[in-house]
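Peer 1: Chain residues, written in single-letter form:
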Amino acid sequence: MNRPSSQPANATRVAPPLEGPRVYPARPSDVYLFGTCVLDVFFPSAGMDAIRLLEREGIRVHFPQAQSCCGQPAYTSGYTEEARAVARAQLALFAGEWPLVVPSGSCAGMFRHHYRELFRDEPETLALVEALAERTFELAEFLFEVCKVRLEDGGAPVKVALHTSCSARREMGTHLHGRALLAQLSGVERVDHDHESECCGFGGSFSVRMPDISGAMVRDKAAALKGSGAAEVVSADCCCLLNINGCLEKQGDALRGEHLASFLLRRTSAAARGGAK
Amino acid sequence: MSDVAHAPAQPIAFKRNAREALADPQLRRNFRGAMDFLMDKRRSQFPDGDELERLRAFGNRVRARALSRLPELLERLDARLSRNGVKVHWAETVDEANAVVHRIVEQHAAKKVIKGKSMVSEEMEMNHYLGDRGVDCLESDMGEFIVQLRAEKPAHIIMPAIHLNAGQVAQLFHDKLEVDYTEDVDRLIQIGRETLRRNFFEADIGVSGVNFAIAETGTLLLVENEGNGRMSTTVPPVHIAVTGIEKVVENLRDVIPLLSLLTRSATGQAITTYVNMISGPRKADELDGPQEVHLVLLDNGRSQAFADGELRQTLNCIRCGACMNHCPVYTRIGGHAYGTVYPGPIGKIVTPHMLGLDATRDLPTASSMCGACGEVCPVKIPIPSLLRRLREEAVRAPDAAPQHVRGQGAKYSRKETMVWKAWRTLNTSPALYRAALYAGTRLRALMPANIGPWTDHRSAPKPAARTLHELAREHLGDQ
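Those protein sequences? They're chains B and A, same order as listed. Note that the numbering used here has the first sequence beginning at 92, numbered continuously upward. Note that the numbering used here has the second sequence beginning at 26, numbered continuously upward.
These aren't lab readings, by the way, just hints derived from the structure by calculation. It should be emphasised that the depicted structure is a prediction, and the values quoted were computed from it without experimental measurement. Glycine included, each C-beta is placed from N, C-alpha and C at the ideal position. Just so you know, not all the hints are guaranteed correct.
Derived SDA-like pairs: lysine to any residue, alpha-carbon spacing no greater than 20 Å straight-line [claimed, not checked]:
1. A/Lys487 with B/Lys250
2. B/Lys250 with B/Pro164
3. A/Lys308 with A/Ala460
4. A/Lys112 with A/Ala89
5. A/Lys487 with A/Gly502
6. B/Lys341 with A/Lys40
7. A/Lys136 with A/Leu80
8. A/Lys112 with A/Glu241
9. A/Lys446 with A/His429
10. A/Lys487 with B/Glu172
11. A/Lys446 with B/Asp344
12. A/Lys440 with B/Ala157
13. A/Lys487 with B/Leu346
14. A/Lys40 with B/Glu340
15. A/Lys137 with A/Thr118
16. B/Lys341 with A/Lys201
17. A/Lys487 with B/Asp344
18. B/Lys341 with A/Lys137
19. B/Lys341 with A/Gly477
20. A/Lys487 with B/Ser353
21. A/Lys440 with B/Asp212
22. B/Lys341 with A/Phe62
23. B/Lys341 with A/Ala474
24. A/Lys446 with B/Ala102
25. A/Lys446 with B/Ala157
26. A/Lys40 with B/Glu172
27. A/Lys112 with A/Arg90
28. A/Lys201 with A/Asp229
29. A/Lys137 with A/Asp229
30. A/Lys40 with B/Arg175
31. A/Lys487 with B/Leu182
Which bits of chain B does chain A cover? Going by a derived footprint, with three or more residues having C-beta under 8 Å, they are [said to hold, decoys possible]:
32. 111-117
33. 144-155
34. 213-223
35. 232-243
36. 263-270
37. 286-298
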């Protein structure tokens with residue numbers, strides 16, 4: 092990411108220049124949705140809810156059926172070549188100008204940041220990667236900054252805890268967008284939980300390679316969420332939800348995290364508004 | 026890099042250590058409390074986020090500039106220090122460094138060495154080495170003194186005894202120093218200081234670390250809060266400073282941003298109580314200071330990191346410890362579980378160069394890649410990226426060229442490599458991917474309730490009835 096490919100491999104690296112605030116485009120007519128593999132299998136309704144939220148904003152959603160995984164599992168496990176092959180297959184699907192919306196900070200971060208590193212020695216591919224990175228958005232960020240949604244809450248008053256994934260927070264810089272969306276819901280009171288910015292302990296293969304440490308982290312996260320006084324838990328990342336919900340269920344707790352897209356749609360759908368009236 | 030053949034090392038029992046640490050509620054409480062305290066202290070020193078980012082970017086460039094000229098700066102440092110009357114020794118390995126120190130000890134027939142705080146001396150296991158040769162090595166930093174009394178290693182690079190609470194120190198002093206039991210922290214510090222003070226005057230040699238070695242002026246800069254660093258470097262007749270080769274910077278101007286970042290990131294202090302600048306032994310017209318000053322420059326694997334542009338960023342480190350203070354893994358298992366001199370995130374990226382990836386095979390994987398370390402690093406070391414790179418080196422075939430890191434392929438497994446190749450095929454063949462997910466969701470009733478380590482702490486994840494691919498096709502058509 093921080094080395095032009097013309098430099099030798101042993102050149103001293105400096106950190107990339109400081110990024111200013113992201114400049115957002117006008118609302119487009121069409122977007123691509125990258126569903127992510129974990130959502131595909133475990134939270135498909137959250138993907139559909141994301142599609143409906145976007146459609147409600149008058150945007151046509153394109154879901155290329157050839158998409159699979161962003162490549163992150165292999166990438167973080169050190170299998171770079173395998174990650175590159177899978178990334179290359181995804182790159183081919185999202186050509187043109189439409190924004191790529193991803194309902195996960197971690198997969199969005201893969202497209203926006205790590206593909207650059209994967210393809211830095213392929214100048215032609217890198218040009219495509221850079222262009223795609225420019226138009227890759229995490230869902231909450233896209234709804235708030237590009238669609239400029241105005242949500243009208245139709246649900247009953249409720250306290251909600253928001254868990255923001257580490258990649259949404261640190262790679263995508265979108266941790267305030269989820270908060271901003273929840274703040275639009277008049278019946279929702281967002282409550283903080285203990286060590287809110289701390290990782291839930293998922294970390295992909297980390298959760299199975301280091302089960303004791305990962306388990307300690309997710310138990311602490313579950314305890315913090317339970318102790319927050321929130322009746323509902325929301326997150327914009329399915330991997331964190333898989334981890335946190337699995338822990339809550341194992342502990343016999345009734346609390347479950349819900350994807351932000353599902354929560355927002357549920358609170359603002361006509362049925363919810365009708366129910367409230 | 027060393028030409029000496031590397032014998033495969035026994036891996037550190039990291040997972041077992043971690044399991045034991047996690048089961049110790051006292052340790053968990055001590056670390057959580059201490060790390061929260063340190064994070065708050067740091068935060069209060071950087072109220073302006075933009076200023077912090079600019080300063081970190083500046084710090085990164087200063088370090089990168091120094092590293093880009095490392096060989097030249099080391100030569101200049103050597104020449105300038107020699108002109109100042111400091112004897113400079115170069116050591117490729119810890120054995121060589123210890124031999125240098127021991128030679129000086131023998132020349133002076135020294136019996137007693139007092140040490141200021143130095144992580145490089147921990148790297149060398151100097152206390153042990155000299156102890157075996159009949160030389161008494163006493164730690165004078167309060168935290169180091171405490172861990173030495175407990176026959177332990179430091180649990181943190183800045184706060185060696187951070188794993189202990191006041192009650193545990195009270196008991197230790199009561200048992201080992203035969204003083205009345207007290208949990209009064211001020212009184213405990215006083216007891217420690219009284220014990221140490223005598224030793225400064227009895228010591229034949231003082232040993233210290235170095236925070237920055239300044240090439241232009243031949244100055245060794247050392248920060249500390251207790252005054253023990255100044256005592257160790259001025260009272261005994263001989264002072265030996267030990268440092269890693271990466272600590273050199275060009276001039277005093279370079280030190281200003283780095284020092285400001287170091288103390289604020291480490292202990293949340295705008296400046297430490299003592300900033301020592303040592304440019305040579307006592308001159309003829311001076312009344313105090315050592316008659317002899319030595320500097321030992323230690324490589325110990327650093328030139329391996331230096332040789333690779335990406336891994337070189339490891340050497341940006343100014344040893345502030347902020348990465349461990351903010352690490353959710355370190356916070357839960359503490360410093361000792363790592364089984365290394367440098368624990369936490371920085372330990373995971375620096376130790377493989379010192380001990381080889383075979384000895385440290387579990388360290389790069391012991392991270393959820395949450396990025397908290399990289400976010401706070403004052404010199405912007407991309408720690409998660411370097412962990413990922415080390416994971417890559419650990420799963421590459423052991424004989425694959427080129428070799429970047431000693432112990433390459435320490436986690437290489439033919440079986441796992443095949444699994445990832447299959448994963449690649451699955452995820453690059455859309456029809457196969459959809460068929461697999463179709464099968465997975467239709468067979469979800471067969472999902473076992475226990476799947477390996479995942480279900481130790483969580484219930485098994487349940488696939489949905491239908492995939493997003495199917496739902497989206499129904500809603501949007503086949504795109």
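Peer 1: Honestly, which of those hints from before does the structure not fit?
Peer 2: 1, 2, 3, 4, 5, 6, 7, 9, 10, 11, 12, 14, 15, 16, 18, 21, 22, 24, 26, 27, 28, 30, 31, 32, 34, 35, 36
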